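Taken in order, these protein sequences are the chains called B and P.
Numbering-wise (this note's numbering), the first sequence opens with residue 1 and increments by one.
Numbering-wise (this note's numbering), the second sequence opens with residue 1001 and increments by one.
Hints are computed from structural coordinates only; laboratory data are not their basis.
Note that this is a predicted model, so its numbers are computed, not measured.
Please note that a few of the clues may not be correct.
No farther apart than 25 Å at their CA atoms in a straight line, the calculated lysine-lysine pairs in the DSS-like style are these [what the hints assert, rightly or not]:
no., chain 1, residue 1, chain 2, residue 2
1, P, LYS1110, B, LYS55
2, B, LYS81, P, LYS1154
3, P, LYS1207, B, LYS119
4, B, LYS55, B, LYS76
5, P, LYS1207, B, LYS81
6, P, LYS1207, B, LYS169
7, B, LYS123, P, LYS1207
Chain P is faced by these chain B residues, among others (derived, beta-carbon under 8 Å) [said to hold, decoys possible]:
no., residue
8, PHE14
9, LEU53
10, PHE96
11, ASN100
Even glycine gets a Cβ: it sits at the ideal position worked out from N, Cα and C.
Given next are the chains, with one letter for each unit.
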Amino acid sequence: MTAMVKAEGVHKSFGAVQVLQGIDLEVQTGEVFCLIGPSGSGKSTFLRCINHLEKINAGRLYVDGELVGYRQKGDKLYELKDSEVAQQRRDIGMVFQRFNLFPHMTALENVMEAPVQVKGTSKAQARDRARELLDRVGLADKAGNYPSQLSGGQQQRVAIARALAMDPKLMLFDEPTSALDPELVGDVLDVMRDLAESGMTMVVVTHEMGFAREVGDSLVFMDGGVVVESGDPREVLTNPQHERTQAFLSKVL
Amino acid sequence: MTDKFDKEPADAKPSAAVSKEGGAIPPEAIKAIPVRHYGRWVSGVVVLALVALLVNAFATAEKIQWNAVGDYVFDSTVLAGAGRTLLISVLAMVMGVVLGVVLAVMRLSKNPVTSWVAWVYIWFFRGTPVYVQLLLWFNLALIFPVLNLGPIYKDEMVDVMTPFMAALLGLGLNEAAYMAEICRAGLMAVDEGQTEASHALGMSHAKTLRRIVIPQAMRVIVPPTGNEFINMLKTSSLVYAVTYNELLRATSTIGSTSYAVMEMLFVACIWYLVMTSVFSVFQYYLERHYARGSTRNLPATPWQKIKANMLGLGRERGAGA
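Given these sequences and hints, build the entire structure.
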């Protein structure tokens, strides 16, 4: 197996605040990689670094063997042009905590938008594919609805379909169920579970320990911008070795 | 259009359901005596009286020849003037909106040169009176007698800077400065998450702006733009100064030759009111169009409201009988 995501000493600061202080980890192709930790631990920031929504200050970050946001020639780094960054992002799907669906487009148009605009797929083809994807997330009958006419759980499933429409090789989930009513969480997790079973490489920032235990292949516990503990989710969640992990899990489980 | 409205009447009688479930006594419809609003009646009478006095004052004023107003409303000179007012307003507004969007994007750009250029433009054109700007354009030939754009174009400035051109440039470039600020507010009102989501899908800056941000900004931009256009219809009367023969100039010319000065100003008022009123209706539909997705159900158009009310009445009667 090859590493889909590889982080080497990744640092990130916002002004004087050090958010990431040296993250080293590898996400293998085809695995579901869960990131847990208290708020402010830097897990969401790290996720956003993977598709270059945030620029890292030090270290190296690779996706599928390619340096994210930079080109290395000899020992010099060159910033990539916006168009090259956009090119890298095509293959990385992202799902946000607040859905961020385009409110002026119907569910179907949301899913069609990127393939048509970025890949130049024909509208007819994109529409067929979008219907297929909406069907896959269980929302075939909501294709014509605007996001404001959908529940949070439905919006998040449309958002997942929208990301899948670009046929990504990696999916990033930024607390996808944190903004949802408890009873709507299950539908979204079901879709993610299906996606995991289909072999998609997924990096998931989550507070859903049940999901991490059941679906996760690896788990990392972050705190204060560093990886505190990592390993098999069932191991770490049931038998945490580190004091900080024990304290965190005793509060959330 | 993708209008969606409920096929079922909004006021589906809930009382029936309650009585079935409750089982016991069906709740009686409340028949209370409404609060009397004497103040409304009093103010209504006062206002009517004042309006009557005002109308009477104008109607009986001996110096006003009302038939002159009637005679000249559809006079061909007046109509042509109104047409030119509309033409110059629409063209100047189009120029203002297009340039305004460009300036707003420049101003918000990360490129310091473009944002500085936009800032200076807005500073100058917003900082000087539009009347002065009109005169500056009109008199440009005083300092540049020949317009020489190198190999592209060369002509006498007086031939280029016709009253129409001076009016268009004066109004349009001034409007652009105001539109730039309105557009900037609209662009900034769009949630940052939208840009992030679009970038995460691999869309470029330009596509994100055109497909995602601007359509959403329009909802914020359209109402003040409508306001600007109504303002423009009226501000266009200033181009009187550059001898462009618009509505005010057309009516004043007639007024000064026929000694019906006030009458012709009334005629001008009538046409300004007609134009602003017609536009207000147009604006309502434009706002409705850009409300897509921001409200669950689009507000009904006046015609739909009338239809719904008629249907509602019919059904209620049917149920009662």
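### Query
Was the hint right that B/PHE96 lines chain P, CB cutoff 8 Å?
OK, holds: B/PHE96 within 8 Å of chain P, min 6 Å.
### Query
Do the alpha carbons of P/LYS1207 and B/LYS81 lie within 25 Å of each other, as the hint requires?
Given pair P/LYS1207, B/LYS81 holds - Cα atoms ~16 Å apart, limit 25 Å.
### Given pair status - B/LYS169, P/LYS1207, alpha carbons within 25 Å
23 Å, holds
### Task
With a cut-off of 25 Å on the C-alpha distance, tell me whether B/LYS55 and B/LYS76 pass.
Judged against 25 Å, a Cα distance of about 17 Å means the pair holds.
### Query
Has the given pair, P/LYS1207 with B/LYS119, been kept, meaning a C-alpha gap of at most 25 Å?
Holds, at roughly 12 Å.
### Query
Within 25 Å, alpha carbon to alpha carbon, are B/LYS81 and P/LYS1154?
Measuring from Cα to Cα gives roughly 41 Å; hence the hint is violated.
### Query
Do the numbers back the hint for B/PHE14, that is, is its least Cβ distance to chain P under 8 Å?
Violated, about 15 Å.
### Task
Grab the minimum C-beta distance from B/ASN100 to chain P and call the hint holds if it beats 8 Å, violated otherwise.
Holds: closest Cβ of chain P sits about 4 Å from B/ASN100, inside 8 Å.
### Query
If you draw a straight line from the CA of P/LYS1110 to the CA of B/LYS55, is it 25 Å or shorter?
16 Å, holds
### Query
Given the hint that B/LYS123 pairs with P/LYS1207, does the C-alpha gap stay at or below 25 Å?
17 Å, holds
### Query
With a cut-off of 8 Å, does the beta carbon of B/LEU53 approach a beta carbon of chain P closely enough for the hint to hold?
6 Å, holds
Violation of the numbered hints given earlier is confined to hints 2, 8; the remaining hints are satisfied by the structure.
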